[in-house]
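*Asks:* All chains, please: the whole structure from these sequences, using the hints.
2 protein chains.
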Amino acid sequence: MKTYLYPAKETWDSISKRPYIDNRDLDVTVKEIIARVRSEGDKALHEYSEQFDGAIIKELKVSDAEINESVKAVSDKLKKAIKTAGENIEKFHRSQISEEAVIETMPGIKCWRKNVPVEKVGLYIPGGSAPLFSTVLMLAVPAKIAGCREVIICTPPDKNGKIDPLIVYSAMMTGVTAIYKIGGAQAVTAMAYGTETIPKVYKIFGPGNQYVTKAKEIVQADGIAIDMPAGPSEVLAIADKNADPEFIAADLLAQAEHGTDSQVVFLTDDKKMLIGVNRTVDEQLQRLPRKNIASAALENSFSLLLSSVMECIEFSNVYAPEHLIINTSDASALAENVINAGSVFIGKYSCESAGDYASGTNHTLPTNGFARSFSGVSVDSFIKKVTFQELSHKGIERLGPTIEIMAEAENLYGHKNAVSVRLKR
Amino acid sequence: MKTYLYPAKETWDSISKRPYIDNRDLDVTVKEIIARVRSEGDKALHEYSEQFDGAIIKELKVSDAEINESVKAVSDKLKKAIKTAGENIEKFHRSQISEEAVIETMPGIKCWRKNVPVEKVGLYIPGGSAPLFSTVLMLAVPAKIAGCREVIICTPPDKNGKIDPLIVYSAMMTGVTAIYKIGGAQAVTAMAYGTETIPKVYKIFGPGNQYVTKAKEIVQADGIAIDMPAGPSEVLAIADKNADPEFIAADLLAQAEHGTDSQVVFLTDDKKMLIGVNRTVDEQLQRLPRKNIASAALENSFSLLLSSVMECIEFSNVYAPEHLIINTSDASALAENVINAGSVFIGKYSCESAGDYASGTNHTLPTNGFARSFSGVSVDSFIKKVTFQELSHKGIERLGPTIEIMAEAENLYGHKNAVSVRLKR
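Chains A and B, in that order, give the protein sequences.
If you count by our numbering, then the first sequence holds residues -3 to 421, one letter each, in order.
If you count by our numbering, then the second sequence holds residues -3 to 421, one letter each, in order.
Each pair may be met inside one copy or between any two copies, as identical chains are not told apart.
Calculated lysine to any residue pairs in the SDA-like style (CA-CA distance at most 20 Å, straight line):
(1) Lys76 <-> Arg394
(2) Lys381 <-> Glu95
(3) Lys39 <-> Glu28
(4) Lys5 <-> Gly190
(5) Lys381 <-> Glu96
(6) Lys116 <-> Thr193
(7) Lys140 <-> Met169
(8) Lys13 <-> Phe298
(9) Lys76 <-> Asn64
(10) Lys110 <-> Ser91
(11) Lys110 <-> Glu96
Think of the hints as simulated: they come from the structure by calculation, not from any bench.
*Replies:* So, in C-alpha cells, the structure goes:
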C-alpha cells in the first residue's frame, strides 16, 4: 500500500483515479462472440462452452433432476444461513416499494405513476473457483419482490457440465424460473437477443469477468438495459484513533482478496493508526488463503493521513467508493456528510462482510467512481414507473390555452391542434 | 399509413419492429469529435461551432447581459404559460420524493437508504428551427427538486451566436446554474469530460440529433451516466367506436410532425373508426404547417384492426410505445392492463400535447421499445439512493455466524475473518 501524508486537495482527484485497465483488445473478440451467437444460436453456445469451459453440455437448461440433486447436496447449516440472509434481504428490499398518490396538479388534471415490474430479467452469476450464491440472493430476491414474471440465470458450468449446488439451491429458494449452463459474453448475448433455448430478457444484471462486462457494455449500446457499468470492487475505510486496527485490517483484506484488480483505501487522521493498520494488514495477510490475490490488490492500494476525520469524508466524496466504512467514535454524525458512495457501514461492528452477505442491503453496487451518479441494485432496478394522466373536460378547458401558447412557440402546430379540436367541442 | 386487418399474434413482434436506422457510419465521425474535444478543449468547441453552426462564439457561457435581454424578450403571455406549466411539473415531480424508513432487519441491525442528489448534471437542449424550451422545464425542474448543486445546459447557438430567449428564460426560471453555447457531439463530450470553460458533470440528459445520441452512447460505454437510450418519438392510440376521429387524427399528427422518423400507430376494434380516422388524418394533414415532415412520418406508420380493445392493449404491450393514448369508453379499466409504455393518456380529453407541455408529467420518455425496461425521466433520475447500515455488538453477535458460514462456502476467508475478529472481542 502506498502512503500519502497530508496530500494537497489539488492532488485528490488524481489520487482517486482508479488503475487504468486497457480492455480495448477485447472489443473484437467479444463482438465476434456476439455476432456468432446471434446468427447461430444454441449451436454457438454449445461450441463456446466446449472451447471456454471445457464442458460438453447436452441440455443448456438445468433439469428438475439436477435441481433435486442440488437441493439434497446443500448442508443444513448452509440452508439455514441462506434462509437467514434471504429473510433479511427480503425484509429490507420489501421496504423499498412505495405506491405513489394520484396528484391533481390542477382541477380536472390527474397525474400518477404506477410500479410495473420489468417482465423478463436475466441474472448473470459467475462460475469459477468460488460459487457466488450470495449474488443469486442479491439479484433474485428484489426481482421476486418487484414481481418480474420471468427471472432466468445464466452461469458457466464446470468441466463436468455441472453447476454448483449452492447456486442452484439459492435460485430455487428465491423463485428463479430457469437456470441455464452458459457463461461469458455468449451468455450475455443469449439473454440480450434470445436463442432457441434461452429466452430474450429486457434487462441483464450481475457481475462477471472482462468478457461479460464488455458484452454488457456492447448490448447496452444496442438499447438492452443493464444494471450498471462494472469495475473492480473497492473499499474505503476511515478510522480515528479509537478504532481497532485488527478490525480495519480485516476489512481491508476482505476487499483485497476479491481480485488482483481490487482497490483498498485507508484514511485516518491519526499517524499511529496509519502505522498500526499497515502493520496489522501485513500480519493478517500471511494467514489468508487467498494471500497472493490480496497482495497483488494491495499493490494498487493506498493509505492517506489527513488532518481530520471530516477531511477524510471530503476525500471519500471525491473518490466515491463502492463501500465506505466509517469506524470512528462519531461515525453516525460523519455519515450525514456522505455524498458519493454505494453503501456505507457505520461504526466498529458494521463490517462490509455483513452487507456482502446477510444484513439485508444489496451488494451489487457502483464501483469505479460510478457512485457519483449510480445507485446500487434495489427493487427499483426491477421496476419501471409508468406515468398516467387523465384530463376531464374542465381540465382541458382550463389548461388548453397554456398548451396552445407553448406549442405555437415551439412551431408545433399539430400539437396545438390536438388541443384546439377538443376545445372546439 | 399501412393498414393490417386482424393480424395473427405471431406477426405482432415483427409488426412492432421500429424502422431500422443505420448510423454505424456516424461512429468514426463522432469518435473523432470526442477525441478532439478531449485533447483540445475549448479550442475545439469554438472551431466546431464555426464548422457546424456557422457561428463565431466569443464566450461559450451565456452572459448576464444576454440573460437579462432574453428575459425582456419573452412575451408576458408566454411567461404566464411557462409559469403554469412549471408549477404543474413541479407539483407532480415533488410528489415523487419519499423518505424511506430505517429497517431493523434483525435486532441490532439497522439498514436504510437516503436520497442524495447527483451533484452535477448536464442538460442538452437541441437548437434548430424550434426552440425546445419545454424540455428545459422537463429536465431542470426535477433537477432542482432533487437538489442537484450544479445544473448546466448546453445548446447550440444560431448563426449569430445567439440562444433563443425562450430557452434562456426557461433556464433562469428553473434554477439552471449556467448555459453554454455549444451543440452536437462536442457538447456531450464537453459535459462528459470537462473543458477549460465547461465543467464535467456526472450525468447527461436530453434529446438531440443522431450525433448527440451517438455521443451519449459512446460516453455511456465509458461509464458516464445518461438519462436513457434514444430513438425516434412515437405514439400508439387505441380507440373504440365511441371515439371522435377528429381527436384521434389530431393526436396522431401531433406525433407525426415531430420528425420524418417518428412513428404513429393506430389500433381499433371498429372498422368504421379505422376508415374514419385514416380519412380525417388525410384532411387535417393538408392544413398542417409541417405537412412534409408529417407525411414522411406517416409512411413509417400503420393502423391495425383488432378483434377487441383488450387485444389492442395486448398489442400495445408488445409494441411498448413511448406514448399510449387510450380513447375508449372504458379507458380507465383498460389502462389497468398496461405493462409496457412510457406515459399513458386516459380518455378523450387527455391528449399527448397536455403531457408534452403542461399537465405535470415528464415528456422525456423511453422510445423504441425501451419502455419494456426503462422509465421516463423523473426526480429519481437526478437522485442516487445510498444505502447505510449500522450493526450493534448484539447485531454482529447474532448475524456473525451466518456471515461466516456463507463466506466460507464462497472460499472468501478474508470476508469471514472480518467477522471473526469482531466476534472474538
